Amino acid sequence: MNDESNTSDRPREDEDRHAFAAEAHSLWRITFAPTVWALHFVLCYGLVSLSCAKELIPIATVQAVLTALSLLALAIIAWLGFRSLRQWRVLVTGQLEHPEGTPESRHRFLGHAAFLLSVISAIGVIFVSMPLILIGGCQ
Amino acid sequence: MSADKAALPPPDRRPLGPYPPTPEMLAEPVPEALQRAQADRLRAAWRTPKGWRYWTAVNNTEVGKWYCLTALAFMLCAGVMALIIRLQLAVPDNDLVSSDRFSQLFTLHGSAMMFLFAVPMFEAISILLLPGMLGARDMPFPRLSAFGYWCFLIGGTFVLVSILFDIAPRAGWFMYPPLATQDEGPGSDIWLLGLSFIEIASIAAAVELIVGALKCRPPGMRVNMMPLYAWYVLVVGGMILFAFPPLIAGDFLFELERSLDWPFFDPTRGGDPMLWQHLFWIFGHPEVYIVFLPSIAIAAMVIPTVARRPIVGYSWIVLSAVGVGFLSFGLWVHHMFTTGLPSISLGFFSAASQAVVIPTGIQLFAFLATLLVGRVTMNLPMLWIAGALAVFTLGGLTGVMLAIAPFDFQVHDTYFIVAHLHYTLFGGMIFPVIAGVYYFFPFISKKMLSERLGRWSFWLIFTGFNICFLPMHLTGLLGMPRRIYTYPTGLGWDWLNLISTVGAFIIAAGFLVFVWDLLRPKGKQPQPPRNPWQAGTLEWSHDIPEEAWGVRSIPHVTTRYPLWEQPGILERMDAGRYYLPDAEEGRRETLITSVIDARPLQVQRVTGPSWITHVAAAFTGGCFIFPTFGYYWPAVVCGVFAGMAILYWLWTATARPPEAERKDVGLGLSLPTYVSGPDSVGWWAMWITMLGDATAFASIIFGFFFYWTAQDDFPPDGALHAGAGETALAALALAAAWGLVLLARRWNRHGAVTAARLALAGAALTAATGGGALALAVWPLDPTSHVYPAVICAIALWICVHAALAVVMHLYCLAGSFAGKLTPHHDADLCNVALFSHFFVLSSLVACAVIGLAPRLI
Numbered sequence: 001m002n003d004e005s006n007t008s009d010r011p012r013e014d015e016d017r018h019a020f021a022a023e024a025h026s027l028w029r030i031t032f033a034p035t036v037w038a039l040h041f042v043l044c045y046g047l048v049s050l051s052c053a054k055e056l057i058p059i060a061t062v063q064a065v066l067t068a069l070s071l072l073a074l075a076i077i078a079w080l081g082f083r084s085l086r087q088w089r090v091l092v093t094g095q096l097e098h099p100e101g102t103p104e105s106r107h108r109f110l111g112h113a114a115f116l117l118s119v120i121s122a123i124g125v126i127f128v129s130m131p132l133i134l135i136g137g138c139q
Numbered sequence: 001m002s003a004d005k006a007a008l009p010p011p012d013r014r015p016l017g018p019y020p021p022t023p024e025m026l027a028e029p030v031p032e033a034l035q036r037a038q039a040d041r042l043r044a045a046w047r048t049p050k051g052w053r054y055w056t057a058v059n060n061t062e063v064g065k066w067y068c069l070t071a072l073a074f075m076l077c078a079g080v081m082a083l084i085i086r087l088q089l090a091v092p093d094n095d096l097v098s099s100d101r102f103s104q105l106f107t108l109h110g111s112a113m114m115f116l117f118a119v120p121m122f123e124a125i126s127i128l129l130l131p132g133m134l135g136a137r138d139m140p141f142p143r144l145s146a147f148g149y150w151c152f153l154i155g156g157t158f159v160l161v162s163i164l165f166d167i168a169p170r171a172g173w174f175m176y177p178p179l180a181t182q183d184e185g186p187g188s189d190i191w192l193l194g195l196s197f198i199e200i201a202s203i204a205a206a207v208e209l210i211v212g213a214l215k216c217r218p219p220g221m222r223v224n225m226m227p228l229y230a231w232y233v234l235v236v237g238g239m240i241l242f243a244f245p246p247l248i249a250g251d252f253l254f255e256l257e258r259s260l261d262w263p264f265f266d267p268t269r270g271g272d273p274m275l276w277q278h279l280f281w282i283f284g285h286p287e288v289y290i291v292f293l294p295s296i297a298i299a300a301m302v303i304p305t306v307a308r309r310p311i312v313g314y315s316w317i318v319l320s321a322v323g324v325g326f327l328s329f330g331l332w333v334h335h336m337f338t339t340g341l342p343s344i345s346l347g348f349f350s351a352a353s354q355a356v357v358i359p360t361g362i363q364l365f366a367f368l369a370t371l372l373v374g375r376v377t378m379n380l381p382m383l384w385i386a387g388a389l390a391v392f393t394l395g396g397l398t399g400v401m402l403a404i405a406p407f408d409f410q411v412h413d414t415y416f417i418v419a420h421l422h423y424t425l426f427g428g429m430i431f432p433v434i435a436g437v438y439y440f441f442p443f444i445s446k447k448m449l450s451e452r453l454g455r456w457s458f459w460l461i462f463t464g465f466n467i468c469f470l471p472m473h474l475t476g477l478l479g480m481p482r483r484i485y486t487y488p489t490g491l492g493w494d495w496l497n498l499i500s501t502v503g504a505f506i507i508a509a510g511f512l513v514f515v516w517d518l519l520r521p522k523g524k525q526p527q528p529p530r531n532p533w534q535a536g537t538l539e540w541s542h543d544i545p546e547e548a549w550g551v552r553s554i555p556h557v558t559t560r561y562p563l564w565e566q567p568g569i570l571e572r573m574d575a576g577r578y579y580l581p582d583a584e585e586g587r588r589e590t591l592i593t594s595v596i597d598a599r600p601l602q603v604q605r606v607t608g609p610s611w612i613t614h615v616a617a618a619f620t621g622g623c624f625i626f627p628t629f630g631y632y633w634p635a636v637v638c639g640v641f642a643g644m645a646i647l648y649w650l651w652t653a654t655a656r657p658p659e660a661e662r663k664d665v666g667l668g669l670s671l672p673t674y675v676s677g678p679d680s681v682g683w684w685a686m687w688i689t690m691l692g693d694a695t696a697f698a699s700i701i702f703g704f705f706f707y708w709t710a711q712d713d714f715p716p717d718g719a720l721h722a723g724a725g726e727t728a729l730a731a732l733a734l735a736a737a738w739g740l741v742l743l744a745r746r747w748n749r750h751g752a753v754t755a756a757r758l759a760l761a762g763a764a765l766t767a768a769t770g771g772g773a774l775a776l777a778v779w780p781l782d783p784t785s786h787v788y789p790a791v792i793c794a795i796a797l798w799i800c801v802h803a804a805l806a807v808v809m810h811l812y813c814l815a816g817s818f819a820g821k822l823t824p825h826h827d828a829d830l831c832n833v834a835l836f837s838h839f840f841v842l843s844s845l846v847a848c849a850v851i852g853l854a855p856r857l858i
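Same order as they appear, the protein sequences are chains Y and X.
Sequential numbering from 1 applies to the first sequence in UniProt numbering.
Sequential numbering from 1 applies to the second sequence in UniProt numbering.
Don't read these hints as lab results, they were simulated from the structure.
Since the structure is predicted, the reported quantities are computational estimates derived from the model, not experimental observations.
C-beta: ideal position from N, C-alpha, C; glycine also.
Wrong hints could be hidden among the right ones.
If the Cβ cut is set under 8 Å, some of the chain Y residues that face chain X in the computed set are [to be verified]:
(1) VAL48
(2) LEU50
(3) CYS52
(4) ILE76
(5) TRP79
(6) PRO103
(7) GLU104
(8) ILE123
(9) PHE127
(10) LEU132
My request is simple: use the sequences and hints to build the entire structure.
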């Protein structure tokens, strides 16, 4: 599962491109949860506009659909958060900080950062979903 | 043809030799004589030009200094405008300046502080400091930094000087139409074109800084060990790429309306002023954080030093920076709460505005925690940081109030807003930046600033600031609107305004002290110690007296605070024990490492002093400045010359096949001198630039769907559509051009040079055909009649300009192939053009679908 965590620093025969892709992927991963928040946000804004400005869809339908999407977004973020929590391995090691210059430390650090970003993204999705539930129509 | 048979095996571009270095390798001393010879060669390669040629320098230390000083000068000009504004408002019914002049003053004050000071200052400081923090010799594209600086200088001077001729922009710093579009005189054009020019410089700086932070770190500095400043630079660079392009797209539409009367924002012909507000604030709100984050990053560098311990909660601060970066894009409508959007929509933006407080607060708590657990020495930089935290927290609290839409309805466009934004900007930008100036001054100019003058300046600015802006909260609550040039007596505003004016002059006195301290001659001052604050990060390995080489040798880093935690690193760096201690070929070089783990990958040749950046910047300036006064042909000529200058610069100085395929970089490691594709910095720069370009394009497409959403009849019944056949032909031809570029890359790499050349020529031909077909498709439309044909034509224009660029790129590669610059094993140019083509084909197909299909379907 965590193949890049054991990567030696020594340049190896076949390593270059393969390891590069794996590495780059793990930096992208910290942005996944905020990206889910952003997509959710854009959908909220866009669908409400289609309902209130263009009057294509009834607002009650939009509110129901978006609330369902909020739950979906939260589920995806929870899954991302769970994966990054495992990558962080804090529950196993009890180690909160990762300042060491080892691949393992870097790997867990990225897990930690991704986990914290999942938490903040979940809070963001909950905040943005509240108007859907609390505010009536298109006044 | 002989070139076809020259399919030699590709050169080995893997790093060879031991890495990471063992303690024994590092312990081995370098002979004295060798050290001296190496240092001499390095010094010669990096020597700063003397005399009038000094201005050709491209080294980050020189360009960074000019950039900072220019931004400071622009800030002082904008400050003087603020003083005139305050003088005018000091007493009721004042007639010091006219209403018109007052409008010019506040417009230019806001625009200059934002576009000519706050954002460029981030770029300036980062260009100056980032290579030092990363132990790099220079940024990867020094001439790009220099080009960006000269653009900034020309554009900024042009915009500011307009006020002396009484033709300055006067519609407020956010230029709302229809006021700004219908304004007589060149003011709005000066704002648009002058600032567009500077936005391009900002994107150039963002490209430079992102690639610098990702690819120019010292070996071993993994992402979990980057100085926090580099994390912030990365986040802010990314934000610039998504925030500035919507404004550039908005400027593009705005200028088409101003000069060609295409009615994007004119409601009488189907346009909508709200689109400008959306595009402006999609830029404008993230911009606040683009200004705030790098300044607070300075605090993240100062605080560990004064607390004498590593930062507490490194990952939390990274979370905070990345989280703020994302959330800040969901706030833009809180500047538009009173525009009548549905209340659910207001709720989304209100909620996101509250949510952004959480990550922002986390980083402040991390700083406080670091100070609490450390042994704090209250030095001058820390005093300014403390002031910043206090002022910013107050601004943040009023921000939370304003995020609540009903409260915002009450105080919208009053002095309460003025107070709030100045609290956030002084606390979030001015104070931390001045802290940074005091902290980094010994690094920048190898002298110290005065402790006594610094304290005077701090207390003057801090008290003056609060005297000026604290009463404004009340003035605003009492109902005084922004941007009024005078007011009658008896509304309860008189005393409050007078107090604010006194405060403004106290701030000015503080700035005078600060600027005097900064600029006063310091020739007699003894040299400061090398690391006066006993900091732990790499920039404090700088040389005193100054050396232009950045670092004597590029260290292997295994900790977050190498100077604290890696004993002996400084001596080894000085002795040239680490990487690239020499410049045998007399060329400027720096080390390129991998993105995550910073494993050494390549030796990058960086460019040296040149006039070509000035030539390119001057012609680019002409291209933007002439249209302001309606001179379109000179602008076109300038544009062509600017293009030629840039091509000359690229041709002579970038991606040339090296004289040797690899070189020894020290400690037994041998690295390639040429790479192409994702390993090369040029590929990353193209990727990042195209991301920004795609965002701008997406903003124009957003405009199309915005009109469709906001209007009942878009496209209007019976409107003439773009030709279906021509649009389909354009889509096919542009897709074919993309396919041919990919084939050219593949064939070239396999040694089939003739086939590759034919494919490139074909690509140029098909791209030109595609652009031409799209132009023909929209030719019968009349863009001045209604916004529907206008937006279709704007999209087509965007694609045509890119098709022309694509043709130039294909021909450039073709010429490179004939000239031996582009060979089967040296195909960086072609890889970059292929990357451009990926983005271009995607945007072409989207454009053709929106132009040809969407109007017939919706």
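We went through each hint and held it up to the structure:
| no. | hint | verdict |
| --- | --- | --- |
| 1 | VAL48 | holds (5 Å) |
| 2 | LEU50 | holds (6 Å) |
| 3 | CYS52 | holds (4 Å) |
| 4 | ILE76 | violated (15 Å) |
| 5 | TRP79 | violated (18 Å) |
| 6 | PRO103 | holds (7 Å) |
| 7 | GLU104 | violated (10 Å) |
| 8 | ILE123 | holds (6 Å) |
| 9 | PHE127 | holds (4 Å) |
| 10 | LEU132 | holds (7 Å) |
Comparing the model with each earlier hint shows violations of hints 4, 5 and 7; every other hint is respected.
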